[in-house]
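S.K.: Residues per chain are reported as follows:
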Amino acid sequence: MRHVFLDHQSATPVAPEVFEAMRPYYTEYFGNASSLHQHGLRVREALKVARQQTAALINADSEEEIFFTSDGTESANLAIKGVAYANERKGKHLVVSATEHPSIMNSVEFLEKQGWTCTRVPVSPEGLLDLAALKAAITPQTVLVAVHHVNHDIGTIQRMTEVGAICTAAGVPLYVDCEASAGWLPVDVKAFGAALASFSPHRFYGPKGVGVLYRHKRARLVSILHGGVQEGGRRAGTENIPAIVGGGAAAALAQQRLAFRQEHTAALQRRLWDGLKTHVPYIKLNGPEPGPDRISTNLNLSTEFIEGEGQLLLCDLNGIAVASGSSCVSKSLKISHVLGAIGLDHALAQGNIIMTLGEANTVEDMDYTVETFAKIVTKLRGMSPMWDEFERGVIDSVINPTGRGKSFSQHAADISGKAAH
Amino acid sequence: MSDTYTLYNSTVMEHFMNPRNMGDLKDADGVGEVGAAACGDIMKISLKIKDGRIADARFKTFGCGSAIASSSMATELIKGRTIDEAMNFTNQEVVDALGGLPPVKIHCSVLAEEALKAALEDYVKKHPESAGK
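Which chain is which? The protein sequence lines are A and B, in order.
All residue numbers for the first sequence refer to this note's numbering, where the first residue is 1 and numbers rise by one.
All residue numbers for the second sequence refer to this note's numbering, where the first residue is 1 and numbers rise by one.
Simulated from the structure, these hints should not be mistaken for laboratory data.
Treat each hint with caution, since some may be false.
[To be verified] Pulled a few chain A residues facing chain B out of the computed Cβ check, cut under 8 Å:
(1) His93
(2) Leu128
(3) Ala132
(4) Ile306
(5) Glu309
(6) Asp388
(7) Ile415
[Stated by the list, open to error] Once the Cα atoms are required to be at most 25 Å apart in a straight line, the calculated SDA-like pairs of lysine to any residue come out as:
(8) A:Lys277 <-> A:Ala133
(9) A:Lys113 <-> A:Leu128
(10) A:Lys208 <-> B:Glu93
(11) A:Lys375 <-> A:Gly343
(12) B:Lys48 <-> A:Ile415
(13) B:Lys26 <-> A:Gly382
(14) A:Lys334 <-> B:Val95
(15) A:Lys113 <-> A:Tyr85
(16) A:Lys379 <-> B:Asp84
(17) A:Lys217 <-> A:Lys406
(18) A:Lys406 <-> B:Thr90
(19) B:Lys48 <-> B:Asp3
(20) A:Lys406 <-> B:Tyr5
(21) A:Lys375 <-> B:Asp27
(22) A:Lys379 <-> B:Tyr5
Virtual Cβ for every residue (Gly too), placed ideally from N, Cα, C.
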């Protein structure tokens with residue numbers, strides 16, 4: 001059986017050269033960067049190199065603007081809470097896009113319980129931030145604006161220079177979540193006008209266990225982890241040296257391979273989406289069409305009349321690894337808040353899966369995925385009462401309305417006695 | 001990959017991959033279709049009743065792997081039961097027969113119970129003389 005990994009958004013294999021760079025820091029150069037002897041000083045030097053490599057990937061001025069954390073979630077928590085606490089006396093208002101990652105949304109909710117307020121700026125049906133609403137949301141009490149570069153769910157690329165200009169004009173620091181873009185799309189913190197930015201090397205052939213937070217030297221930030229004075233006192237705790245070294249090496253590799261990665265994944269993305277929309281009826285791409293507004297690695301798909309987890313399980317049984325953002329994914333029964341924010345019909349949000357491309361994917365992988373996915377959809381529709389009811393005209397399609405039958409959501413509400421969500 | 005890992009136990013996976021009694025029944029005596037407000041899953045069970053017993057059962061499910069497996073198992077379990085017996089059917093039988101479901105997926109088995117009962121109620125409504133037998 002062919003194995004096709006289409007979940008690069010969650011993890012990538014560590015590149016061999018990255019792994020080689022990390023290896024001696026587990027065994028030979030095991031020192032703690034806080035130690036003042038040779039063992040400590042040696043790894044301190046390695047930390048500095050990794051800072052330079054990660055700073056270069058995002059066009060930061062200096063390695064001193066780089067803090068290493070454990071992952072993207074920690075970076076987001078530090079950025080949101082660290083800036084909010086540092087500026088508490090200035091104001092207690094935050095502005096975020098409605099489609100930020102849960103690590104940002106939930107950090108904001110945590111602060112809201114402690115007296116901060118937050119404005120969530122709406123996005124268009126394709127996930128693009130409403131810039132006029134952003135501008136209007138900023139008040140004299142606003143201490144931070146958070147907008148992602150690329151959406152983790154639907155792949156929308158935000159107009160970062162315009163977002164940055166609005167924040168700069170208002171004099172409010174901007175935090176840019178680059179977790180879904182760094183390593184695949186150029187990130188330029190200066191062009192973005194970003195005061196803070198975060199990304200994680202495990203998304204681009206680096207190891208898990210390291211996150212990168214950029215902070216412009218003038219942006220105020222207090223620590224949320226208390227202990228020693230590692231990372232300039234902004235992030236206490238022993239540095240994960242092998243992972244940081246690997247993160248640096250992955251950043252250097254990403255700079256070399258950025259053009260290839262973009263070109264390679266863009267071609268595969270078009271082939272995959274063209275194939276799917278040709279061979280699978282009633283399928284919808286959520287977010288912008290492949291092109292300048294969408295990252296080349298992401299396809300977020302809603303297939304009507306079937307549910308997402310079944311699609312994921314059958315893909316997996318056929319060697320294809322995809323992610324499911326659907327309601328019935330094991331740990332959460334809720335639909336993605338991003339799909340809610342773009343106004344996606346509930347019926348389509350339930351039949352949602354995400355495919356994210358990477359370097360090792362091939363044209364043959366795309367063709368196999370299209371062929372296999374079409375069979376999976378046929379199998380699941382054969383089991384679905386909704387497909388049968390659609391064919392009999394009881395319910396209608398959201399993607400391609402026929403004008404007969406009621407909506408899926410209405411039907412679901414009628415038989416469950418409650419409105420769905 | 002040398003090993004295969006599964007999201008559910010082997011019984012659940014087996015019923016998901018090869019569901020029993022999937023489809024509709026021509027001239028069904030009772031049909032129940034229910035939706036779960038919690039997750040949006042929809043399940044439909046059709047029954048053929050003969051001499052006060054469930055002679056045949058079919059399901060169709062819009063839902064996750066455990067919802068499909070739950071409806072498959074439920075239709076297997078209820079065949080041959082009297083209407084009264086079937087009215088006392090509980091989701092726990094489905095959970096037990098499947099060898100357990102993850103806690104967050106127990107509601108799938110509840111949906112199967114509800115779909116079955118909706119189908120039985122549909123039958124009883126059409127055949128009031130059968131009630132309580």
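S.K.: Determine for every hint whether it applies to the structure shown.
M.R.: Outcome of the hint check:
{"no.": "1", "hint": "His93", "verdict": "violated, 35 Å"}
{"no.": "2", "hint": "Leu128", "verdict": "violated, 27 Å"}
{"no.": "3", "hint": "Ala132", "verdict": "violated, 34 Å"}
{"no.": "4", "hint": "Ile306", "verdict": "holds, 7 Å"}
{"no.": "5", "hint": "Glu309", "verdict": "holds, 4 Å"}
{"no.": "6", "hint": "Asp388", "verdict": "holds, 6 Å"}
{"no.": "7", "hint": "Ile415", "verdict": "holds, 4 Å"}
{"no.": "8", "hint": "A:Lys277 <-> A:Ala133", "verdict": "violated, 34 Å"}
{"no.": "9", "hint": "A:Lys113 <-> A:Leu128", "verdict": "violated, 28 Å"}
{"no.": "10", "hint": "A:Lys208 <-> B:Glu93", "verdict": "violated, 42 Å"}
{"no.": "11", "hint": "A:Lys375 <-> A:Gly343", "verdict": "violated, 29 Å"}
{"no.": "12", "hint": "B:Lys48 <-> A:Ile415", "verdict": "holds, 21 Å"}
{"no.": "13", "hint": "B:Lys26 <-> A:Gly382", "verdict": "holds, 16 Å"}
{"no.": "14", "hint": "A:Lys334 <-> B:Val95", "verdict": "holds, 23 Å"}
{"no.": "15", "hint": "A:Lys113 <-> A:Tyr85", "verdict": "holds, 14 Å"}
{"no.": "16", "hint": "A:Lys379 <-> B:Asp84", "verdict": "violated, 34 Å"}
{"no.": "17", "hint": "A:Lys217 <-> A:Lys406", "verdict": "violated, 57 Å"}
{"no.": "18", "hint": "A:Lys406 <-> B:Thr90", "verdict": "violated, 32 Å"}
{"no.": "19", "hint": "B:Lys48 <-> B:Asp3", "verdict": "violated, 42 Å"}
{"no.": "20", "hint": "A:Lys406 <-> B:Tyr5", "verdict": "violated, 40 Å"}
{"no.": "21", "hint": "A:Lys375 <-> B:Asp27", "verdict": "violated, 29 Å"}
{"no.": "22", "hint": "A:Lys379 <-> B:Tyr5", "verdict": "holds, 22 Å"}
The structure shown violates the earlier hints numbered 1, 2, 3, 8, 9, 10, 11, 16, 17, 18, 19, 20, 21.
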